[in-house]
Amino acid sequence: MNEGIGTPVWFQIGPVAVHETVVATWGIMLVLTLVCALSTRKMSIQPGKWQTIVEGIVLALENTIANADPVNARKLLPLIGTFWIFLPIANLLGVVPGFHSPTRDLSVTTALALIVFVSVHLYGLRQSGMAYFRHYIKPSPILLPFHIISEFTRTIALAIRLFGNIMSLEMAALLILLVAGFLAPVPILMLHIIEALVQAYIFGMLALIYVAGAMQQVPASSSQT
Amino acid sequence: MELDWSTVVLEIINFIILIWLLKRFLYRPVLNVVEKRQASVRESLQQAEDTQKQAEALQQQYQDRLKTWEQEKSEARREFEEALNQDRARKLETLQSELAREADKAKAAAENQNRQWRREVTEQALQQGSGFAAALMKPLADQHLEEKLIHLFCETMDQWPPSTLEELRNAVNHRPPNVPIQFEISSAFELSTDIRERLLSILVKALGEQCETSFAVDESLLAGIRIASGGWSLGLNLADELRGFAEAHHE
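Protein sequences appear in the order of chains F and C. Reminder that position 52 of the first sequence reads as 52 in the numbering used here, one-by-one numbering, no gaps. Reminder that position 71 of the second sequence reads as 1071 in the numbering used here, one-by-one numbering, no gaps.
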């Protein structure tokens, strides 16, 4: 495996090169799916301990989303909740020896940022229709270019921020390991855990703010007309 | 740090699939069971509210019953007290009247007893007085006193009004026809002939017809005479006078 910034290609399907990060993502998806399927296989009105934990996680996600957008919390839960479930695992994967965080790959964070970018407009259009685009010329049409630029820059910032933090943490741990030896990077790894959770929360929260902002650009009464 | 578009596309696809998977295996089941639980809780709350309403209705009903029962109890107690008061007043009145009657009876009995006692005392006093007078007069009784008494008798009889004389005549006329009036004249001492004739003349004068007389001595008279005919008698003697004095109270 390549310990540098780049990610190795595991296999090639025609012109499509499947990198390590994609395989790691599949692994995370597989584990999450299995855990969720097993956890929710026998749900009952009277919950057990594990069911209580699972319900607590889901309801905590929904409540956090509801704090930003109480009306559309249920609609936003699949997207934002998946960010908050996937990203901590993906970020913390680098702590496990022999694995790397998929989010240290700019391609992964870019893909996630693009999903946020597209979701903002999809949710905005679904909520307000074509009236959604009016916010680009408010409070003045002069601000239209700035709005458009901010759309792209915040998406790029979203991708770069997550990539930069996770990549730099792994790189720092690697450099300390090379310079100082075994067990020396442990404090950095502890910092990695905190930073991984914070960055996952920031990414999900920013995505939530962007999407909720798009859904609240036009009042509900005018969006129905 | 290079951007691999195939990785970008694959990651986008992966994330969309992950969203679907989590929605299918995590969000939907959890939210469904939470909604079921919420519905169950709402149903339980509704049942609890219904039960509480029923309980409140029952409580109200029981309170109303208690209130009605209290009113009925108060009414019954008032009626009972009223009847009790009436009965008490009636019994008190009866008792008072009985007491008054008993008091009157007692008073009458006391008066009667007092009167009886007074009469007995008087009678006893009179008898004692009579006995004492008889004991006192007995030594003083003599023929001279007897003559004085006969003289007093004759004077008194002379002064009798006609109605008294008529009563005397009616009393002695209850005898068979053609039979003369018979008198028995008793005296404590032997009467002299003058006195006998005077007595006879007085009687004839008072009765207006002839009569037969017989004379007898009766020392129990102490002094004086007694004239008897049939069932009646008259006279003036110490024994009869003292007896009359003793029996004056009865008359």
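In short, the hints are calculated from the structure, not lab data. All residues carry an ideal CB built from backbone N, CA and C; glycine is no exception. A couple of the hints might just be wrong.
Stated by the list, open to error - Calculated lysine-lysine pairs in the DSS-like style (CA-CA distance at most 27 Å, straight line):
1) Lys1036/C <-> Lys75/F
2) Lys42/F <-> Lys1107/C
3) Lys1036/C <-> Lys1023/C
4) Lys1091/C <-> Lys1107/C
Unchecked claim - Here chain F is said to cover these stretches of chain C; the calculated rule only asks that three of the stretch's residues, wherever they fall, bring their Cβ under 8 Å from a Cβ of chain F:
5) 1006-1017
6) 1158-1167
* **Pair hint Lys42/F and Lys1107/C, alpha-carbon separation not exceeding 27 Å** => violated, 109 Å
* To do: Decide if the proposed pair is consistent with the structure: Lys1036/C and Lys75/F, CA atoms, cutoff 27 Å inclusive.
  => holds, 19 Å
* Asked: Hey, Lys1036/C versus Lys1023/C, does the alpha-carbon distance stay inside 27 Å?
  -> Distance ~18 Å between Lys1036/C and Lys1023/C Cα, so the pair holds.
* Asked: Regarding the pair Lys1091/C and Lys1107/C, is the alpha-carbon distance no greater than 27 Å?
  -> Given pair Lys1091/C, Lys1107/C holds - Cα atoms ~23 Å apart, limit 27 Å.
* Are at least 3 residues of the region 1006-1017 of chain C within less than 8 Å of chain F when you compare beta carbons? -> holds (count 11)
* Proximity test - 8 Å, beta-carbon atoms, the region 1158-1167 of chain C to chain F, at least three hits -> Coverage by chain F is violated here, the residue count being 0 at a Cβ distance below 8 Å.
In summary, the structure is inconsistent with hints 2 and 6 from the numbered list given earlier, while agreeing with the others.
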